[in-house]
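Undergrad: Below are the chains, spelled out letter by letter.
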Amino acid sequence: MSKYLVDKFLFTIDRDPDLVERYREDPSSTVAWWEAEQANLILNCHAGERSTWLSFTDPERDALSSHDYVALFELGAHNFLLLTLFIALFERDYAEPLAFQREFAARLGHWSLPYPDIST
Amino acid sequence: MRVATIAAIIASTHHPFYLRASTAAGEDRPPFADEWVAKIEAFRETLTRARPDVLVMVGSDHFHQLWLDNMPQFLVGKAPFYDANYYNEQREFGLPRMTLRGDEDLSAHLLRGGIDLGFDLAFSNELRVDHSITCPIITLRPQADLPIVPVYTNIFAPPMPQPKRFVELGQAIRDLVESWPSDQRVAIIGTGHLSLELGGPRQFGPHGPDPEFDRKAVSWIASSDLDAALAEVSLDSLWRPGNATHGFMDFMLMMGVAGKNVKADYADSLDLFHTMEAYFTWYPEGRP
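Going down the list, the protein sequences come from chains A and B. Taking the numbering used here, I'd label the letters of the first sequence as residues 1 to 120. Taking the numbering used here, I'd label the letters of the second sequence as residues 1 to 288.
Bound conformation, chain A alone (with noise of 0.2 Å):
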């Protein structure tokens, strides 16, 4: 279980443009590439500084291969992090304004509360 490294994927994606991109036309080498490269990156700290640990578990991994959004909701990743990068990479497929968003809502429509637990 690795929600924490999911999350820092959904949050390094999100805030690069060139990766919002990348991740949309490619999603599993991109994700490849941000586990073998990024994932033990420590934003605050020297590229030098990495932690030594982190990787995705093969559900996690999947889940973000296959822009999976159901899937990583019920692995617990954060809501807010979820949607946001979830519109970047659809919402311009869609005509009607807030339709994707809807559709997102739609394909949860099976979940009553308590929703998977986001905490890390």
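Just so you know, the hints here were simulated from the structure itself, not pulled from any lab data. Misleading hints may appear alongside valid ones.
With beta-carbon atoms standing in for the labels, derived distance ranges [to be verified]:
(1) A:Pro-17 <-> B:Arg-240: 32 to 38 Å
(2) A:Ser-66 <-> B:Arg-49: 34 to 40 Å
(3) A:Asp-26 <-> B:Pro-31: 36 to 42 Å
(4) A:Glu-103 <-> B:Ala-122: 36 to 42 Å
(5) B:Met-1 <-> A:Ser-119: 45 to 51 Å
(6) A:Thr-57 <-> B:Ala-228: 42 to 48 Å
(7) A:Tyr-4 <-> B:Arg-112: 23 to 29 Å
(8) A:Trp-53 <-> B:Asp-34: 52 to 58 Å
(9) B:Pro-31 <-> A:Glu-91: 17 to 23 Å
Take a look, some chain B residues computed to stay more than 10 Å from chain A by CB distance [as the list claims (entries may be wrong)]:
(10) Arg-2
(11) Ala-38
(12) Asp-83
(13) Gly-118
(14) Gln-162
(15) Leu-270
(16) Asp-271
Glycine is no exception: its CB is placed at the ideal position from the N, C-alpha and C atoms.
Starting from the known structure of chain A, arrange chain B on it as the hints suggest.
TA: Then chain B, alone, in the frame of chain A:
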């Protein structure tokens, strides 16, 4: 010794779509835009007529600069300038890049005094603020001409402080501003949310996800009924009205600033798609 005057206390929702909705024209203009603009302009007047010199701005970073490797619960900015808004806010909401001036003297006073009162406040000397601060600038002071002191709270990343702690911090901010040796008129402005769902099955409905909670919350805030709010609201209970409803704790902080059972001098709300908007102003010195 001269001390600062509290010109106004303002609590508001912050809706990042306001700028886009209010400036859209023709087919792009949503049907609710005119009513929304009228309400915002009336609300803005409650700040304008208080003639503030400096703004204490309570908000919450939405995972922009503050991250889970080093997450403060409460943080006060202390810098001469604050750049504002991020690429992903420009992308999603059309919010422009801004630069706001800071008031380092008031920041230093809040930090020293807050820490001495038992709040182990984090601080930042280089803070890029986000839409939790810029939305109320856009709605209440669009000329963005006054120096600010940003106060960030964690309403986003569990474990969060208890609601009671938000109230206590609000009371402390009130006391500290009232003891600031200055002839400035200070407005204390805080924004949060009523019931709100983001990234969950109840998001972006025709109303907020829990209209019953919103009705109660508006009534608690309008009368600063801290006993009722604290009796019903807990970190666990706030998941029920919507998975982003912990932003209500920023309203509780502002009720702490206003004072227990002090009725707001101005209260308004607007039932929008997705969330209810709510606007409150108190004048501790009497209505200007």
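Undergrad: Please name the hints from earlier in the document that this structure breaks, with their numbers sorted from lowest to highest.
TA: 2 and 7
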